[in-house]
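**Q** Quick note, the sequences are listed as chains A and B, same order.
Heads up: the first sequence at position 137 corresponds to 137 in full-length UniProt numbering, and the numbers run straight through without jumps.
Heads up: the second sequence at position 139 corresponds to 139 in full-length UniProt numbering, and the numbers run straight through without jumps.
Any given hint might turn out to be false.
Copies of the same chain look alike in the list, so a pair counts if it works inside one copy or between any two.
[To be verified] With a cut-off of at most 20 Å between alpha-carbon atoms, the simulated SDA-like pairs for lysine to any residue come out as follows:
#1 Lys286 <-> Tyr176
#2 Lys328 <-> Trp100
#3 Lys378 <-> Ile396
#4 Lys282 <-> Tyr185
#5 Lys286 <-> Trp193
Hint data in this document are derived by calculation from the structure and do not stem from the laboratory.
There are 2 protein chains.
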Amino acid sequence: MVAVPSLFSLRHLLVLSLALNVSLILRTLYHETGEGNKWWFCFKKKMMADAESCFTTSPTASLHNSTRENIIDLDHGDPTMYERFWRQMGDKTTITIPGWQSMSYLSEGSNICWFLEAEFATEVVRLHNVVGNAVTEGRHIVVGTGSSQLILAALYALSSPDAAEPISVVSAAPYYSSYPSMTDYQKSGLYQWAGDAENFDKEGPYIELVTSPNNPDGYRRKSMVNRRQGLLIHDLAYYWPQYTPISSPSDHDLTLFTASKSTGHAGMRIGWALVKDKEVAKKMTKFIELNTIGVSKDSQLRAAKVLKAVSESCKEEKQENGGESFFKFSYKVMAQRWKQLREVVDGGDMFSLPQFSPAFCSFFGKETEPQPAFVWLKCEGDVEDCETFLRGYKIITRSGTQFGASPKYVRISMLDTDETFIQFIERLSAIQERE
Amino acid sequence: MVAVPSLFSLRHLLVLSLALNVSLILRTLYHETGEGNKWWFCFKKKMMADAESCFTTSPTASLHNSTRENIIDLDHGDPTMYERFWRQMGDKTTITIPGWQSMSYLSEGSNICWFLEAEFATEVVRLHNVVGNAVTEGRHIVVGTGSSQLILAALYALSSPDAAEPISVVSAAPYYSSYPSMTDYQKSGLYQWAGDAENFDKEGPYIELVTSPNNPDGYRRKSMVNRRQGLLIHDLAYYWPQYTPISSPSDHDLTLFTASKSTGHAGMRIGWALVKDKEVAKKMTKFIELNTIGVSKDSQLRAAKVLKAVSESCKEEKQENGGESFFKFSYKVMAQRWKQLREVVDGGDMFSLPQFSPAFCSFFGKETEPQPAFVWLKCEGDVEDCETFLRGYKIITRSGTQFGASPKYVRISMLDTDETFIQFIERLSAIQERE
Numbered sequence: 001m002v003a004v005p006s007l008f009s010l011r012h013l014l015v016l017s018l019a020l021n022v023s024l025i026l027r028t029l030y031h032e033t034g035e036g037n038k039w040w041f042c043f044k045k046k047m048m049a050d051a052e053s054c055f056t057t058s059p060t061a062s063l064h065n066s067t068r069e070n071i072i073d074l075d076h077g078d079p080t081m082y083e084r085f086w087r088q089m090g091d092k093t094t095i096t097i098p099g100w101q102s103m104s105y106l107s108e109g110s111n112i113c114w115f116l117e118a119e120f121a122t123e124v125v126r127l128h129n130v131v132g133n134a135v136t137e138g139r140h141i142v143v144g145t146g147s148s149q150l151i152l153a154a155l156y157a158l159s160s161p162d163a164a165e166p167i168s169v170v171s172a173a174p175y176y177s178s179y180p181s182m183t184d185y186q187k188s189g190l191y192q193w194a195g196d197a198e199n200f201d202k203e204g205p206y207i208e209l210v211t212s213p214n215n216p217d218g219y220r221r222k223s224m225v226n227r228r229q230g231l232l233i234h235d236l237a238y239y240w241p242q243y244t245p246i247s248s249p250s251d252h253d254l255t256l257f258t259a260s261k262s263t264g265h266a267g268m269r270i271g272w273a274l275v276k277d278k279e280v281a282k283k284m285t286k287f288i289e290l291n292t293i294g295v296s297k298d299s300q301l302r303a304a305k306v307l308k309a310v311s312e313s314c315k316e317e318k319q320e321n322g323g324e325s326f327f328k329f330s331y332k333v334m335a336q337r338w339k340q341l342r343e344v345v346d347g348g349d350m351f352s353l354p355q356f357s358p359a360f361c362s363f364f365g366k367e368t369e370p371q372p373a374f375v376w377l378k379c380e381g382d383v384e385d386c387e388t389f390l391r392g393y394k395i396i397t398r399s400g401t402q403f404g405a406s407p408k409y410v411r412i413s414m415l416d417t418d419e420t421f422i423q424f425i426e427r428l429s430a431i432q433e434r435e
Numbered sequence: 001m002v003a004v005p006s007l008f009s010l011r012h013l014l015v016l017s018l019a020l021n022v023s024l025i026l027r028t029l030y031h032e033t034g035e036g037n038k039w040w041f042c043f044k045k046k047m048m049a050d051a052e053s054c055f056t057t058s059p060t061a062s063l064h065n066s067t068r069e070n071i072i073d074l075d076h077g078d079p080t081m082y083e084r085f086w087r088q089m090g091d092k093t094t095i096t097i098p099g100w101q102s103m104s105y106l107s108e109g110s111n112i113c114w115f116l117e118a119e120f121a122t123e124v125v126r127l128h129n130v131v132g133n134a135v136t137e138g139r140h141i142v143v144g145t146g147s148s149q150l151i152l153a154a155l156y157a158l159s160s161p162d163a164a165e166p167i168s169v170v171s172a173a174p175y176y177s178s179y180p181s182m183t184d185y186q187k188s189g190l191y192q193w194a195g196d197a198e199n200f201d202k203e204g205p206y207i208e209l210v211t212s213p214n215n216p217d218g219y220r221r222k223s224m225v226n227r228r229q230g231l232l233i234h235d236l237a238y239y240w241p242q243y244t245p246i247s248s249p250s251d252h253d254l255t256l257f258t259a260s261k262s263t264g265h266a267g268m269r270i271g272w273a274l275v276k277d278k279e280v281a282k283k284m285t286k287f288i289e290l291n292t293i294g295v296s297k298d299s300q301l302r303a304a305k306v307l308k309a310v311s312e313s314c315k316e317e318k319q320e321n322g323g324e325s326f327f328k329f330s331y332k333v334m335a336q337r338w339k340q341l342r343e344v345v346d347g348g349d350m351f352s353l354p355q356f357s358p359a360f361c362s363f364f365g366k367e368t369e370p371q372p373a374f375v376w377l378k379c380e381g382d383v384e385d386c387e388t389f390l391r392g393y394k395i396i397t398r399s400g401t402q403f404g405a406s407p408k409y410v411r412i413s414m415l416d417t418d419e420t421f422i423q424f425i426e427r428l429s430a431i432q433e434r435e
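Just need the whole structure built from these sequences, with the hints factored in.
**A** Here is the structure:
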C-alpha cells in the first residue's frame, strides 16, 4: 500500500512536467503568431462559408490584433451547452449497438415512412405529449437526416412536377440564413426562393416557411402572406420550454422539429416532421428514399433513448428527491445567460437587444420569458456593419445581411459552452468600456 | 443446484408450447387467406415503388395463387445475408456511445469534409490497403449518408451553375435502376439524365456513371463514351473480393464505396468517396452541408468499428488458429449460392445466366470467379416479360425495363437470408419442373 502513492506521485510529476512543457511551447507559438486559434476558427468557418474567407482580415481586425485575445466563434448554433447535462446523466443515455443489429434498409412496422424506427416514433409522440408543444394525433411521422433534409423533402412534396414554373418559396425577414441557398442550390425546376414574405405579391401558389420562435430574432411568428393558395411549412426547431413559453400544442399541416436544438444532439443528424396529409408524407418519404435511401438507424435508436430520458426526467422531477428535468436545467442556463447578456448590453449604449413579453408557459405552469437560442444584436450609433465591428474584437457572428436584414444586426449563438459564453460576455463588456 | 434444471425445463416447456400455439394460429391464418406475407411484401415494395401497386395482381399470378406459396421478395439488394457473420463475431463490433458524446455538428481534424470522423477515415484507408481495391494516397475522403447522397453530391460538384444548359448524365445499359430518378427527381437545372451511354452522341461535356462490377449484371465496366470532356463517377460499391476478383487498386478521379454492400450494414447509411481534386471534394462537402448539414456521427463511429473488424479479421486469418476472415466467409457463401443457382438454371432451358471468366484475385492470391450480388436472369423461349412471369410464382424481382434493358431480363438479389435464398432455389427448380 505504500508503493502505490509513491508511484502515483512520480507519474503525476511526469505528467505535470510534460503538460507544462506543452503549454509553454504552445504559448510561445501563440504569442509569436497571434494565431493560436485561427486554425480552429477557420475549420469551423468551413461549415457555412468558403475556407478562403478565413484568411482575409478586416481592417478593423488589424487594429485590435495587438490585444492577443482568442477568437470567440459564435457564428453557428452548435449546441455544445447541453453536454454538461448529458454528462451529469451518466450511463442513462448510453446506447449499445451490437454489430449484427439494424443491418437492413427497412424498419419494422407499418408506417408510410418505411425507414422510421418504431422506438423513435414512440418517443417522439411521448415527448410532445409531455411537453405539450405539438399535436401528434392524426399525424404521420417522417424522420429525416436533421431537419434540413426535411425542409427539402417538404419543398419537394408541396411542389408539383407538372407546374408551368417553379413554386415560390418565401419567409419573412429576418429569415434563417440557409433558406435561400437550401432552396436554390440545386437550381430546381420545382421550387425557387422568392425572398421576404412581407414583400411577396406574386399571384398563384407559394410555400411559406414559418419559423417560430424565429431564427434569428426569437420572436413568435405566424404566416405573413395572408392569402389563399399558400402552403405552409412550420419550422418549430425552437418551440421548446427552455427557449419560449409553451402556449398551446402546435397544430399545423406540416411541422418540423430537430434533436439538434431540442436536446442538443446535433451530431446525430435527426429531425422529424409531423404531417397531416398522407400524400404529403408519402412524397416526403419518397424524397428521402431518392436522396439517402432512409435515415441512419443507429442515430434513430440513439435519439429514441435520448428523447425517452428527457420525458422521464420531466416525470421524475415531480417525484420526491427527483433530479432536475432536462428542460428545467436548460431553462435555468438560458435564463442566466440572458440575464448576464442584458446586464452587459444595458451597461452601455453601443448595442441593443430584442425585447420580449413574458407569457404563461403551460409546461412550467407559470409565466416565463422568451430566451432565444440566438441573440439578434443591433449595433447602435455610427456602426453600420456590426459583423465587421465585432470581428475586429475577434467575436465571430453572422451578419444581418445573411438573414435578409440590415448589417447593423448580427446573430450570435447562445448555445456554446459555458467557457465560451463567459469569454463572450467579458469581451462585450470590455468593448463597451473601451469604445 | 437441483432446483435450477427443474425450473429450466418447466420454462422451456412453456416457451415451446407457446411457440407451438403461435405457429399453429399463424399457419391457420395463412392457409385461410393465402396472404400470410402480403403485408410484409407490400411494406417492402413501398421502398422503391408506390404502395398501390402492391394490391394489383397480375393475371398470371392468379393462376398460381392456389399453390399457396409464400412471397419471395428479391427486388431489393437488402444485404441481410451478412447478419450471420456479425452474430458470430459476438461483442467484437458492439459499439457503446454515451449520451454526451458527438453532440457537435463538427468533427475534429483538418479535413476538407468538416463532418468526417477521423476514426472512420483511418479505417477506410486501412481497409482499402488491406484489400488492395483502391488507391487512397492523394485522395480526399468525403463521407455521405450512403453512396446515394454521394452520387448526388458528385453530380452537383461536377456540374456548373453557370452552364447554359444542364450537363448530361449517362450510364451504359443495363444501368442501376435508380440513376434516372435520382438524377431527375429535383428537376435540377444543373444536370439531367440522358440515358444509355452507348447511344450518347451529344456534343459537349457530360457525366458518365461507371458501375463496376455493374449493377445489375455483374460485369466489369469501363467508361463507354470514349470522348474528351467526360467527367467520370466510378461507383465501385461491389468491387470487393466476395463479389469479383480484385485485379488492382482502383485509381480514378472520383470513386464511391458503401458500407451497405461491403460489410452489409445498409441501416447505417454510410458511404464514402475518394476524391482526387480538392475543389470537387469541397463542392461535394458543400452539397452535403446544404442537404443534411453533415452525416450521422453515430453511424460513422459504428462504421469505423465494423471496418476495423473486417481489416483485423483478414490479419488474424493468417495467424495460427485465426478465425475465418469476413471476405472468406462472404466469398464462400456467395460461391455456394452461385453454384446452387447455376445447377438449377442449367437443369432446364427456361432461364439463362451471365457467364463470367475467372481471373486472378490479388486479395485471395488465387484465381476466383465473379459471383455478383445480383443475378441478371434471362427468361428464354416465349416468356417476354420475365418479371410478370416470376411474379406469377410469387417471386418478386425487378424488371429489365427499369435498367434500360429488355423485359426478358430481371434482377434478383443474392444477398438475402439463407432461408429466403433456399426458398428461391426450390421455387425456381419447381418452375423448371412444372413448365
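**Q** Taking the hints in turn, state whether each one holds.
**A** Now for the hints, and whether the structure bears them out:
When the C-alpha separation of Lys286 and Tyr176 is checked against a cutoff of 20 Å, the pair qualifies only between copies, where the shortest distance is 18 Å, while the shortest distance within a copy is 26 Å. For a Cα distance limit of 20 Å, the shortest separation of Lys328 from Trp100 across copies, 18 Å, qualifies, whereas the shortest one inside one copy, 38 Å, does not. In this assembly of identical chains, the alpha carbons of Lys378 and Ile396 lie at most 20 Å apart only when taken from the same copy (15 Å versus 62 Å across copies). Within a single copy, Lys282 and Tyr185 get their C-alpha atoms only as close as 24 Å, which misses the 20 Å cut-off; across copies the closest is 15 Å, which meets it.
For the homomeric pair Lys286 and Trp193, the shortest alpha-carbon distance between copies (19 Å) is at most 20 Å, but the shortest distance inside one copy (22 Å) is not.
When held up to the earlier numbered hints, the structure conflicts with none and fits them all.
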